[in-house]
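Peer 1: Listed here are the chains, written in short residue letters.
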Amino acid sequence: MAGSNKTSISPPRWLLAELTYSCPLQCPYCANPVDYAKYQSELDTEDWKRVLTQARKMGAVQLGFSGGEPLTRKDLTELVKYARDLGYYSNLITSGYGLTEEKIIQLKEAGLDHIQVSIQASTQELNDHIAGTASFQHKKEVAHLVKKHGYPMVLCVVIHRENIHQMPEILAMAEELGADYLELANTQYYGWAHANRDLLLPTKEQFEQAEQIAQAFKEKVAGKMKIYYVVPDFYEDRPKACMNGWGTTFLTIAPDGVALPCHSARELPGLDCPNVRDYSIEQIWNESKAFNFFRGYEWMKEPCSSCDEKEKDFGGCRCQAYLLSGDMYAADPVCSKSPNHHVIQEAIDSSKASALAANEKPLIFRNSKNSRLLS
Amino acid sequence: MSINPDQTLKFSPMHRLQWEEVQQKNVILYPEGMVELNQSSAEILKMCDGTRKLAQIVNDLEQKFATTGLVNDITAFLEVALKNGWIQQN
Chain A
1 MAGSNKTSIS PPRWLLAELT YSCPLQCPYC ANPVDYAKYQ SELDTEDWKR VLTQARKMGA
61 VQLGFSGGEP LTRKDLTELV KYARDLGYYS NLITSGYGLT EEKIIQLKEA GLDHIQVSIQ
121 ASTQELNDHI AGTASFQHKK EVAHLVKKHG YPMVLCVVIH RENIHQMPEI LAMAEELGAD
181 YLELANTQYY GWAHANRDLL LPTKEQFEQA EQIAQAFKEK VAGKMKIYYV VPDFYEDRPK
241 ACMNGWGTTF LTIAPDGVAL PCHSARELPG LDCPNVRDYS IEQIWNESKA FNFFRGYEWM
301 KEPCSSCDEK EKDFGGCRCQ AYLLSGDMYA ADPVCSKSPN HHVIQEAIDS SKASALAANE
361 KPLIFRNSKN SRLLS
Chain B
1001 MSINPDQTLK FSPMHRLQWE EVQQKNVILY PEGMVELNQS SAEILKMCDG TRKLAQIVND
1061 LEQKFATTGL VNDITAFLEV ALKNGWIQQN
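So the protein sequences, as listed, match chains A and B.
Those letters in the first sequence? Residues 1 to 375, by this note's numbering.
Those letters in the second sequence? Residues 1001 to 1090, by this note's numbering.
Careful: at least some of the hints might be erroneous.
To be verified - Derived list of chain B stretches under chain A, where covered just means 3 residues or more per stretch with a C-beta under 8 Å from a C-beta of chain A:
#, region
1, 1011-1020
2, 1030-1040
To be verified - For lysine-lysine, the following DSSO-like pairs were computed, each having C-alpha atoms within a straight-line distance of at most 27 Å:
#, chain 1, residue 1, chain 2, residue 2
3, A, 57, B, 1025
4, A, 148, B, 1025
5, B, 1064, A, 224
6, B, 1064, A, 108
7, A, 147, B, 1025
8, A, 57, A, 148
9, A, 240, A, 147
Source of the hints: derived by calculation from the structure; they are not laboratory data.
Idealized CB from N, CA, C, for every residue including glycine.
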């Protein structure tokens, strides 16, 4: 374990407030942990206010209200107002499900800066299938209302094998809805997406074709719409600079108050992630075992420790190293220098075989029943 | 993208310009992003209040900092700002 040199610790900039794990949707690539159903005890309003105050004091300025579906929290507007008074820039990351015009106005008055609406596909049939809930028409309506009330509108579409062929239609939909930003998020294979990977991972040819179409569109709409393209790291030679480095920038608070250096870190063994019910954000960020675990470079193994790119990508993602190699200290297997790199090709092959199989197993949808089965 | 000298400049309502005490810096905030500004960039953006045109901004900043010859630097920065959507003209 490294990183005890406290003078080198930079303050948090981004706070992701996962207000709840409850969600009316059942997306099979949900980033929540597969065993989320066992974490029942949500923080209350006063807990969240304390967290917001302490993190802001340390320098956090970007704030994401997320979940689950944050709209299911009755105190959302109160928390938005509290965050605005502290000077946060607040992002609401929502499925749009259950969002009314009245609520959109109320949140605007409370000081919400931006709303990100997720849409699962460009057609009602596929959207409603992937979401596990009839929601397509309402989501489009919400996107219009978000624009109408003067918010910057970010449309988020998670890309995977079931919808990647719709790339041209997805882009046309974003244009029609007047999105200011379009986030094309290639699925990252953690949590539920890891469990469903054989059914979600597209082929390299599909990725390349979709990327080409998105790139041409990006040039076409330059100056009108910004595109955030989340890279499909399984088809890269080098890993992503996950979280901009462990414990340097991002702080996630899970619904039950557990503080995480990234929203998947719950899956890692032995971190003893601290809870905001027991410690202040300052103690958690500066002193906790979990936040110091992968700070700096001393924890690294070869090939990372002597790699001349380690300051660029920090060895990649710890959760991905653990999920794919069983060793959270190992190089992210996405890296072509990793001795475990073959597992990536195996995953790609397995996914391709699954797509060609006559009786492909069904997607495991994200709901409490499946969560209990998988825990 | 170039600046139209006949139109006023206005900071974008889709972004927020704010002083950050911890960082001792002005920052631009927007959906899921942040840009840290140096002092001169922040001073230029604060002039984009919807009432001033390019020449007035140059004039006002030259007066404020008792200097001359800022026109090229200010124009270059405003072009970047316009391209990034931080400011608008109309």
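Peer 1: Indicate, hint by hint, whether the structure satisfies it.
Peer 2: Cross-check of the supplied hints:
1. 1011-1020: Check passed, 5 qualifying residues.
2. 1030-1040: With 5 residues in contact (Cβ-Cβ under 8 Å with chain A), the coverage given for the region 1030-1040 of chain B holds.
3. 57/A with 1025/B: 15 Å, holds
4. 148/A with 1025/B: 33 Å, violated
5. 1064/B with 224/A: Violated: residue 1064/B and residue 224/A sit about 34 Å apart, past 27 Å.
6. 1064/B with 108/A: Since the Cα atoms of residue 1064/B and residue 108/A sit roughly 36 Å apart, the hinted pair is violated (cutoff 27 Å).
7. 147/A with 1025/B: Distance ~30 Å between residue 147/A and residue 1025/B Cα, so the pair is violated.
8. 57/A with 148/A: 34 Å, violated
9. 240/A with 147/A: Not satisfied, since the Cα-Cα distance of roughly 32 Å exceeds 27 Å.
Hint compliance for this structure: hints 4, 5, 6, 7, 8 and 9 are broken, all remaining hints hold.
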